[in-house]
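Colleague: The primary structure of each chain is shown beneath.
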Amino acid sequence: MAWTRKVLRVNLTEGSLQEEPLNMEWANDYLGQRGLATKYLVEEIDPKCDALGPDNKMIMTTGPLTGTMAATGGRYSVVTKSPLTGAIACSNSGGFIGNEIKSAGWDMVIFEGKSPSPVYLYLEDDNAQLLPADDLWGKSVWEADELIHTKHQDPLIRIAAIGRSAEQGCLYAAIVNDLHRAAGRSGVGTVMASKNLKAVAARGTKGVGNIENPAEFFKATQEGKKVLAENAVTGEGLPSMGTQVLMNVINEVGAMPTRNMREVQFEGAGKISAEAMHEPRDNDGKPNLTTNGACFGCTIACGRISTIDQGHFTVENKPQYWGNSGGLEYEAAWALGSDCGVDDLDACTYANFLCNEDGYDPISFGSTVAAAMELYEAGAITKEHTDGIDFSFGSAEALAKAAEWVSTGEGFGKDLGLGSKRLCEKYGHPEFSMTVKGQEFPAYDPRGIQGIGLAYATSNRGACHLRGYTIASEILGIPEKTDPLETEGKAELVKAFQDATAAVDSTGLCVFTTFAWTLEDIAPQVNAACEGDWSADKMLEVGERIWNMERDFNMAAGLTGKDDTLPKRLTKDMAANSGPAEGKVNNLAEMLPKYYEVRGWTPDGVPTDETRQRLGL
Amino acid sequence: MLRSLQIEPEKCTGCLQCEMACSYHAEGVFNTAKSRIKVFTFHEEGRFVPYTCTQCSEAWCMHACPVEAIVINETTGAKEVIDDICVGCKVCTIACPFGTINYNTETKVTYKCDLCGGDPECAKACPTQAITYVDSDHGGLERMRAHAAQNLPQEGA
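As given, the protein sequences belong to chains A and B, one line each in that order. All residue numbers for the first sequence refer to the working numbering, where the first residue is 1 and numbers rise by one. All residue numbers for the second sequence refer to the working numbering, where the first residue is 1 and numbers rise by one.
Because the hints were derived from the structure by calculation, they are not lab data. The reader is advised that the hints may include incorrect statements.
As a list, the in silico BS3-like pairs of lysine-lysine whose alpha-carbon atoms are at most 25 Å apart [said to hold, decoys possible]:
id, chain 1, residue 1, chain 2, residue 2
1, B, Lys108, A, Lys206
2, B, Lys11, A, Lys206
3, A, Lys271, A, Lys318
4, B, Lys11, A, Lys286
5, A, Lys151, A, Lys206
6, B, Lys124, A, Lys226
7, B, Lys124, B, Lys11
8, A, Lys594, A, Lys572
9, A, Lys538, A, Lys572
10, B, Lys124, A, Lys206
Label-pair distances were calculated between CB atoms; the ranges are [as the list claims (entries may be wrong)]:
id, chain 1, residue 1, chain 2, residue 2, range
11, A, Trp322, B, Lys90, 15 to 21 Å
12, A, His149, B, Phe98, 19 to 25 Å
13, A, Thr150, B, Gln150, 44 to 50 Å
14, A, Glu230, B, Ala146, 21 to 27 Å
15, A, Pro287, B, Val134, 48 to 54 Å
16, B, Tyr103, A, Trp322, 36 to 42 Å
Partial selection, computed: residues in chain A whose CB lies under 7 Å from chain B [as the list claims (entries may be wrong)]:
id, residue
17, Met69
18, Gln222
19, Thr290
20, Asn292
21, Gly293
Backbone N, C-alpha and C define an ideal beta-carbon position, used for all residues, glycine too.
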């Protein structure tokens, strides 16, 4: 069965903890993690509730394969209503705490209400307690991690925590676990802070068993690992280069958003690329990249472990940043680098360290700094706001300062913590905000890659590459190559990616496996582990059900088809100015009606009764 | 031929597949808390190091055991704990200089790596060959080969 069949319900207002059986009927329809926790959330909260009020709930959830030997089986997700978008939020993270929660015997933890004072949840197998966190409040994630380890005298505890940015109300705050892995997007950390919940510390010694058919499970997971090892992306590209393997590729196809998406190619890409991370530095002869690191159970190991040049201006006299920590992934390198026009690898790595240290999403942060730089160039923001610092595009100093401010909420950090949409509205230029549903774009330009534009516009959590990664097909040719500049067929492509991804996000596995795996590789692993019949077809149906359930939630929260849009800059005002897509904008209007049709939605983007009935919603 | 586990930390990514394989083989569940092999993360240094029993020839644990519960497996050379004889006194855990024999509070006896009877699961599960099971008489063979490769005679020399 793979599920532990146990849910922990934590009422923070009352300080009470209660064990409940997992709803297995729902598990059969929604599998686990993203799907199952979202089902719990939509059944339990008012979609119109204040995301930062006590009526919102926050669910930390594992999947049925979390904690097993399936490659990458260590994921957990945080599901809640987002304060950034007002839509559903589901942020997925790796690291090690997912396994620890599962090993302690819990499929998910539901947090409700708001604690009267700061607390953290301590899970030691069945023993779950809320402990005071007054001494942890005001500390960074890294400090809180150390303090909790010291207090419990147990180096094997795994910890997920929020940093000072979340406490200060930064709307894109993350929950960081194991020091540098994060449930990063949509402000799930801000929700956690609003509940006065500083951290979750877990220690599991029960392990994960209950595999339905162990012999089949070992066979299926072995075969899966072999596919990952033999695939060029998961077996070679990602371990050696990380997701940063994409930097030069995407720049060449002219889909690298640059300087707040005014341009589509960055002249400095080479300096902040995977290749640059391997180059020995002049100062100490060491490269930025020390090694690659894996999350729990991952046989790919795309994680970057990096150092900053000790002579770099960002870390002068700051030995706390001289050691190794989580290095640049492609999304962070793009947002902190290209989108801000910054080609300083050490400055980007420093800002990335700070994102981890104080828990905020480097994509939204970088995009917001990029918007601030455009506001600065337009004169809407001046040196009065920026403490005298030149905030022009390309300024590594501005990037580093911005990170320091957002970390603590000091100075201009409060405004930068609003995110791009609210910042641009506040300073009178909403058109500068590169967001969908209030969430900042990731690192693929929809002018050069048409399908991803549709994926961004229709993503249930606002602009996001991980809700339907059509880049796989449009650029990398996985599972088959489609023309990135073509709109034909993209509605079907986006739907297929969205549904499959929703299913993968519900297993406990990492979506990066899908560079090599299809649902045909994943379903046998789920099927062998879990009771019931889990074919690829059923998983796809579950994925579609999840997608429509999330859509229903968003509609009930007040969003409409009108929110399925892209900034005018990308569809009308500013065509790509170089590269293969030169002269192109994103033709969303050509794709969207077709998308609604293939989804079985009305022309206004509402799931029809027939569709809802077909999916059992 | 006797074989030994050989660990090359520079190849380890810290994924813990070895710990899962070990615990499943020994305990029937995926449970890193009960693994005989442990991977240590040195965060500041950016290093991952697997560590387990090296099966000492004159094993401290074996000599310290007052009830002779630790015996040599003649086929594999592993020092194995006989659960039925072990009284859980934990003297072996004090004697071992490396900490690789430990007490299990559930079973009330000590546990350590037994080389899975000659087919260690950790080595099979390791995706990067950071853990291999090699000829005990030639543990250094691959390192010798690597160094030899650096000194290949030049063509035409």
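Colleague: Could you work out which of the previously given hints the structure breaks and list their numbers from low to high?
Modeller: Hints 2, 9, 11, 15, 18 not satisfied by this model.
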